[in-house]
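K.L.:
Put chain L on the given structure of chain E with help from the hints.
In order, the protein sequences belong to chains E and L. All residue numbers for the first sequence refer to this note's numbering, where the first residue is 1 and numbers rise by one. All residue numbers for the second sequence refer to this note's numbering, where the first residue is 1 and numbers rise by one.
Hints were generated in silico from the structure; no laboratory data involved. Treat the hints with care, since some could be wrong.
[What the hints assert, rightly or not] Computed from the model, here is a short list of chain L residues facing chain E with C-beta under 10 Å:
1. N3
2. K7
3. R36
4. R107
5. S109
6. L124
7. F127
8. I363
[What the hints assert, rightly or not] With a Cα cut of at most 30 Å, we get these calculated DSSO-like pairs of lysine-lysine:
9. E:K250 <-> L:K4
10. L:K155 <-> E:K101
11. E:K80 <-> L:K279
12. E:K250 <-> L:K321
13. L:K279 <-> L:K155
Even glycine gets a Cβ: it sits at the ideal position worked out from N, Cα and C.
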Amino acid sequence: MNISLSKIKTSNPITNIYIGSFLFSLAIFDVFVYSFFDLNITSFLPGNLNLFFPLIIGFIGLSFIRMEYSGIKLVDKINKHINPSNFNALLTLLIIFTILKAIPPALSWMVLDANISGDTKAACTGTGACWTYIKVWFKRFMYGMYPNELHWRINSAFILVIALGFVGYFFKENLKKYLALYYVVIYPIIAFLIIYYLISGGSFGLVWVETGAWGGLSLTFIVSFFCLIFCFPLGMILALGRRSNLPAVKYVSICYIEFWRGVPLITVLFMSSVMFPMFLPEDFFMDKLVRVIIAITLFEAAYCAEVIRGGLQALPRGQYDAAKSLGMGYWKMHIFVILPQALKLVIPGIANTFLALVKDTPLIFVVGLAEIAGMLALAKTNPKWLGFAMEGYIFAAIIFWIICYAMSKYSYNLEQKYKTER
Amino acid sequence: MNNKIKKLIPQILTILFVVLIFGFFTMNAQVNMDNRGIDFGFGFLSQEASFDMQFTLLDYDGQDSYAWAYVVALLNTLLVSFLGIIFCTILGVIIGVARLSQNFLIRNSAAWYVEFFRNIPLLLQIFFWYYAALRALPLPETAEPWFGVTYMTIKGYYIPSMIWENLNVFLSCLIAAIVSIIFIRIYARKLQEREGKQLPVIYISIGLLIILPLLSFLIGGVKLDFELPVLKQLAQTSFIFEGGIALPPELIALVVALSLYTSTFVAECVRAGIQGISKGQKEAAASVGLNPNQILKLVIMPQALRIIIPPTTNQYLNLTKNSSLAAAIAYPDLVLVFAGTALMQTGKAIEIVGITMLTYLTISLSIAALMNWYNKRIEIKEK
Numbered sequence: 001m002n003i004s005l006s007k008i009k010t011s012n013p014i015t016n017i018y019i020g021s022f023l024f025s026l027a028i029f030d031v032f033v034y035s036f037f038d039l040n041i042t043s044f045l046p047g048n049l050n051l052f053f054p055l056i057i058g059f060i061g062l063s064f065i066r067m068e069y070s071g072i073k074l075v076d077k078i079n080k081h082i083n084p085s086n087f088n089a090l091l092t093l094l095i096i097f098t099i100l101k102a103i104p105p106a107l108s109w110m111v112l113d114a115n116i117s118g119d120t121k122a123a124c125t126g127t128g129a130c131w132t133y134i135k136v137w138f139k140r141f142m143y144g145m146y147p148n149e150l151h152w153r154i155n156s157a158f159i160l161v162i163a164l165g166f167v168g169y170f171f172k173e174n175l176k177k178y179l180a181l182y183y184v185v186i187y188p189i190i191a192f193l194i195i196y197y198l199i200s201g202g203s204f205g206l207v208w209v210e211t212g213a214w215g216g217l218s219l220t221f222i223v224s225f226f227c228l229i230f231c232f233p234l235g236m237i238l239a240l241g242r243r244s245n246l247p248a249v250k251y252v253s254i255c256y257i258e259f260w261r262g263v264p265l266i267t268v269l270f271m272s273s274v275m276f277p278m279f280l281p282e283d284f285f286m287d288k289l290v291r292v293i294i295a296i297t298l299f300e301a302a303y304c305a306e307v308i309r310g311g312l313q314a315l316p317r318g319q320y321d322a323a324k325s326l327g328m329g330y331w332k333m334h335i336f337v338i339l340p341q342a343l344k345l346v347i348p349g350i351a352n353t354f355l356a357l358v359k360d361t362p363l364i365f366v367v368g369l370a371e372i373a374g375m376l377a378l379a380k381t382n383p384k385w386l387g388f389a390m391e392g393y394i395f396a397a398i399i400f401w402i403i404c405y406a407m408s409k410y411s412y413n414l415e416q417k418y419k420t421e422r
Numbered sequence: 001m002n003n004k005i006k007k008l009i010p011q012i013l014t015i016l017f018v019v020l021i022f023g024f025f026t027m028n029a030q031v032n033m034d035n036r037g038i039d040f041g042f043g044f045l046s047q048e049a050s051f052d053m054q055f056t057l058l059d060y061d062g063q064d065s066y067a068w069a070y071v072v073a074l075l076n077t078l079l080v081s082f083l084g085i086i087f088c089t090i091l092g093v094i095i096g097v098a099r100l101s102q103n104f105l106i107r108n109s110a111a112w113y114v115e116f117f118r119n120i121p122l123l124l125q126i127f128f129w130y131y132a133a134l135r136a137l138p139l140p141e142t143a144e145p146w147f148g149v150t151y152m153t154i155k156g157y158y159i160p161s162m163i164w165e166n167l168n169v170f171l172s173c174l175i176a177a178i179v180s181i182i183f184i185r186i187y188a189r190k191l192q193e194r195e196g197k198q199l200p201v202i203y204i205s206i207g208l209l210i211i212l213p214l215l216s217f218l219i220g221g222v223k224l225d226f227e228l229p230v231l232k233q234l235a236q237t238s239f240i241f242e243g244g245i246a247l248p249p250e251l252i253a254l255v256v257a258l259s260l261y262t263s264t265f266v267a268e269c270v271r272a273g274i275q276g277i278s279k280g281q282k283e284a285a286a287s288v289g290l291n292p293n294q295i296l297k298l299v300i301m302p303q304a305l306r307i308i309i310p311p312t313t314n315q316y317l318n319l320t321k322n323s324s325l326a327a328a329i330a331y332p333d334l335v336l337v338f339a340g341t342a343l344m345q346t347g348k349a350i351e352i353v354g355i356t357m358l359t360y361l362t363i364s365l366s367i368a369a370l371m372n373w374y375n376k377r378i379e380i381k382e383k
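Just chain E, same shape as in the assembly:
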């Protein structure tokens, strides 16, 4: 990009700015009018020139504006951020034009021409998206085939579990030492009991709902929640095992970790659904959901172990030496000195593992559990609602995107926070 446009510039910088900004805004105006109002103001130009006209005059305009220092804040900002060289100016124009071109069709499909009223397919008359479909199926996407009048049980179970998760924040000083015990042992047990008795039912006068009816987004949360709380202790043991100096313990841990990290989750799920029942005692029945949760837990524990190992390795040797010199044994040293520090270091890493876990859960659809992807597949093939695959997947993508984006931002913030504290 060595085009010298300086020759056509006048010697007066102010004139240059006027000419340049006029040409630049003309280019943007041309594209804007064309894409929003379908008005081609340069239709008098011959074919290709007509197409490239905004690019050319925008490019010339930007090169008029480009100068070391103008004294006008806006112009200096433009020059610094979007117009430092010919190549950058071209890319800038292309990006602006692409955005301008993409907004009207996206907007009209998503909002302007879309339908949301009504309860049947017939209500969708517009050329845009049919959000009626999402509205009608919304409960199914959230709760699966769980009976409609019992949805309060799922909601209250989630609220209880989340509330119990925050209980740790309100522990008094003298209870703080039991915090780890609470989160690693007591909390998972209580959460399991709540979900088992409230969502599954069967006792306390609640109707039994079999796991086959669970589904939708709530199943995603249940599976990823259980997998997280169970894989964490297992991963901790494996990480300690891998760093142990006892060869048998070390190699068993290494084999375990490398095995699970080397296979794709989908084969693990296949294993849990077709191969695992063969390994169980004859008349011992295990629910498919339980098998899947066990499989994902074993799988994620290997990844979790690697994250925790990273934290253990990041601790300076002095911590180990100091603990040993105080006469602490292996377990005492790890429980009171090493793990509390190491676990704090790995919180962002664990958050990332959890993020990956949430993104992996739609896979359980492959073994026949009606998680949100499964519900979408079901709704898509419903004879009354054919032809709305696009809306369904966009809806699911938006939900997952919000969850995952929030989590990744949170883990990034944690990372920054612990980085400065160290």
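P.N.:
Showing chain L alone in chain E's frame:
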């Protein structure tokens, strides 16, 4: 003595635990298989598979054995992984560099690209492309040609196939070109280390890559013809393309989703690698009198690649493992064909799932071993 026992007990307990679990499982499996009348063994591999595959690279039909079906399906998996790795690398490098651009718009579009595609589950992305985006494509009879000779339709992407004469002459010329380029590179590096001279390796390489294969056309008697896809009417409203190569929509959806998803991770690796080089390196190189191209080639890239390559290989590995999601949209990959169809037909759950897992494990472990070797190599150089 006391110390020894202290060390021995946990080990014995661990091994005992592992042995007990395996023993328990084997025993149960034995009993279960006896009850169901299944016997353990790999004899089924030589039996006739008697199922068909939609898309294969090698010749395959239902009369071939399960072992051959396994090979064909594995090749399909490797094809997806290979295409995905190429596209995700190209995209990832562009986006990674763009994230460091001084241009506000480019930097932010790249950042949004990464945030967007990274935070949507891969399975949903594959479904979106397969069930929503690719279904919106035109039917064969209304398809407009892309680049004149290829057709993107709802039934797949039709491209011309190549018909070679004396292909092996061409291939040997290509291999000769690549080997000579490797030697020239080694020589150029030695020359640079010894005398500080620089050979225009890139121009020589490009020249060799063009000239040698061209010579094979002119002298070696190599001929290349293209078979173009042609629209053919089957019935009143049924049209189909004949000739050429048809890439099925499953393959396209899978490759697009995998490369878009993985490219975000590759982009982050590239960005981290370039950012990992301290500014001082660049300034020092500039003050020695290297020009920007030389700085990039001789100072920044060798150091950045050391940071970039290990995590990127990890991403390639993830892509290969994720390609098993093909099973969800019925692309005949290893999982669908072997752990799906073949398992249904033979009922040999343990053997088939075992083989499938072992295959992926072998791929992963061999790449991991390669990476360890590479890491060791560049570590030594650092000192």
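K.L.:
Given the hinted pair K155 (chain L) and K101 (chain E), is their alpha-carbon gap at most 30 Å?
P.N.:
holds, 29 Å
K.L.:
Should the hint that N3 (chain L) touches chain E count as held when the rule is a Cβ pair under 10 Å?
P.N.:
Because about 12 Å separates N3 (chain L) from the closest Cβ in chain E, which is outside the 10 Å limit, the hint is violated.
K.L.:
Go through the hint on K7 (chain L) and say holds or violated, using the shortest Cβ distance to chain E against 10 Å.
P.N.:
holds, 6 Å
K.L.:
Between K250 (chain E) and K4 (chain L), does the CA-CA distance stay at or below 30 Å?
P.N.:
OK: K250 (chain E) and K4 (chain L) at ~17 Å, within 30 Å.
K.L.:
Against the 30 Å threshold, does the CA-CA distance of K279 (chain L) and K155 (chain L) hold or violate the hint?
P.N.:
violated, 51 Å
K.L.:
Holds or violated: is there a CB of chain E closer than 10 Å to the CB of R36 (chain L)?
P.N.:
holds, 9 Å
K.L.:
Checking one constraint from the list: CA of K250 (chain E) to CA of K321 (chain L), max 30 Å. Satisfied?
P.N.:
Holds, at about 26 Å.
K.L.:
Within 30 Å, alpha carbon to alpha carbon, are K80 (chain E) and K279 (chain L)?
P.N.:
holds, 20 Å
K.L.:
Please check whether F127 (chain L) passes as an interface residue: C-beta within 10 Å of a C-beta belonging to chain E.
P.N.:
At about 6 Å, which falls below the 10 Å cut-off, the nearest Cβ of chain E leaves the hint on F127 (chain L) intact, so it holds.
K.L.:
Closer than 10 Å between Cβ atoms is the bar; does I363 (chain L) clear it against chain E? Give me holds or violated.
P.N.:
At 8 Å from the nearest chain E Cβ, I363 (chain L) passes the 10 Å test, so the hint holds.
K.L.:
Grab the minimum C-beta distance from L124 (chain L) to chain E and call the hint holds if it beats 10 Å, violated otherwise.
P.N.:
holds, 5 Å
K.L.:
Minimum Cβ distance from R107 (chain L) to chain E below 10 Å?
P.N.:
holds, 9 Å
Checked against the numbered hints given earlier, this structure breaks hints 1 and 13; the rest are met.
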